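K.L.:
My request is simple: use the sequences and hints to build the entire structure.
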Amino acid sequence: GAVVSQHPSWVICKSGTSVKIECRSLDFQATTMFWYRQFPKQSLMLMATSNEGSKATYEQGVEKDKFLINHASLTLSTLTVTSAHPEDSSFYICSARGGGGSSYEQYFGPGTRLTVT
Amino acid sequence: AQSVTQLGSHVSVSEGALVLLRCNYSSSVPPYLFWYVQYPNQGLQLLLKYTTGATLVKGINGFEAEFKKSETSFHLTKPSAHMSDAAEYFCAVSSQGGYQKVTFGTGTKLQVIP
Chain A
1 GAVVSQHPSW VICKSGTSVK IECRSLDFQA TTMFWYRQFP KQSLMLMATS
51 NEGSKATYEQ GVEKDKFLIN HASLTLSTLT VTSAHPEDSS FYICSARGGG
101 GSSYEQYFGP GTRLTVT
Chain U
1 AQSVTQLGSH VSVSEGALVL LRCNYSSSVP PYLFWYVQYP NQGLQLLLKY
51 TTGATLVKGI NGFEAEFKKS ETSFHLTKPS AHMSDAAEYF CAVSSQGGYQ
101 KVTFGTGTKL QVIP
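If you're matching them up, the sequences are chains A and U in order. As numbered in my numbering, residues 1 to 117 make up the first sequence, in order. As numbered in my numbering, residues 1 to 114 make up the second sequence, in order.
If you're looking for bench data, these hints aren't it; they were derived computationally from the structure. In this text, all values refer to a predicted model and were calculated from it rather than measured experimentally. For glycine and all other residues, C-beta sits at the position ideal for the given N, C-alpha and C. If a hint is listed, it holds; no wrong ones were tucked in.
If you want a taste of the chain U side facing chain A, the calculated C-beta under 8 Å gives, among others:
| hint | residue |
| --- | --- |
| 1 | F90 |
| 2 | G105 |
| 3 | T106 |
| 4 | G107 |
Residues of chain U clear of chain A, computed beta-carbon distances all greater than 12 Å:
| hint | residue |
| --- | --- |
| 5 | A54 |
| 6 | K58 |
| 7 | E64 |
| 8 | T72 |
| 9 | T77 |
| 10 | S80 |
| 11 | D85 |
Taking lysine-lysine pairs in the DSS-like style, the calculated list, with each CA pair at most 30 Å apart, reads:
| hint | chain 1 | residue 1 | chain 2 | residue 2 |
| --- | --- | --- | --- | --- |
| 12 | U | K101 | A | K64 |
| 13 | U | K101 | A | K20 |
| 14 | U | K58 | A | K41 |
| 15 | A | K66 | U | K101 |
| 16 | A | K14 | A | K41 |
| 17 | A | K41 | U | K109 |
P.N.:
Encoded structure:
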């Protein structure tokens, strides 16, 4: 099946610094990638959708200048949390679509736990 | 517009008992429906999906779900719970074609009692 990886799996950073999270589709070309945020004991909230080679589409309430998304290739998307604050601490999950013949199906990465101190 | 409602944030069953996790959806267009499972500190794994065709869908690990359009439901069942089934389960809906944004329910945490 289609595999999506994320790196790092967890990261701790100091307030005010920036953190980059990578999402890679390992065995298929992902025309679309999605970034989700999950707070403890809550559901996934879609942050943004990115299509390869174009600007990401952000959901309402998500600061695009704070959460920078780049989808430079068909196998890689990055999420950069700029000037991170403790309230940005969360579990970030990416998903990718476009592989395996099922254009509607999203394949999820294992997630990245961000802790901002 | 689309939405998902999962009834019961926590469900406890005895090992070997029937598992029933409820999901109702709202969609202005024919939906695609999904159930995902999440283990602690992990991403989501697809259990099963309904797109078109047969309304009773079988998935991995012995789970199945039935799409009932008249009831706008997509409940997840498993005849006999195993300890390894303890996890968080998310129901999700997307629209057929087009943008295909996926909307998740709030999740149901399944506890299996030995």
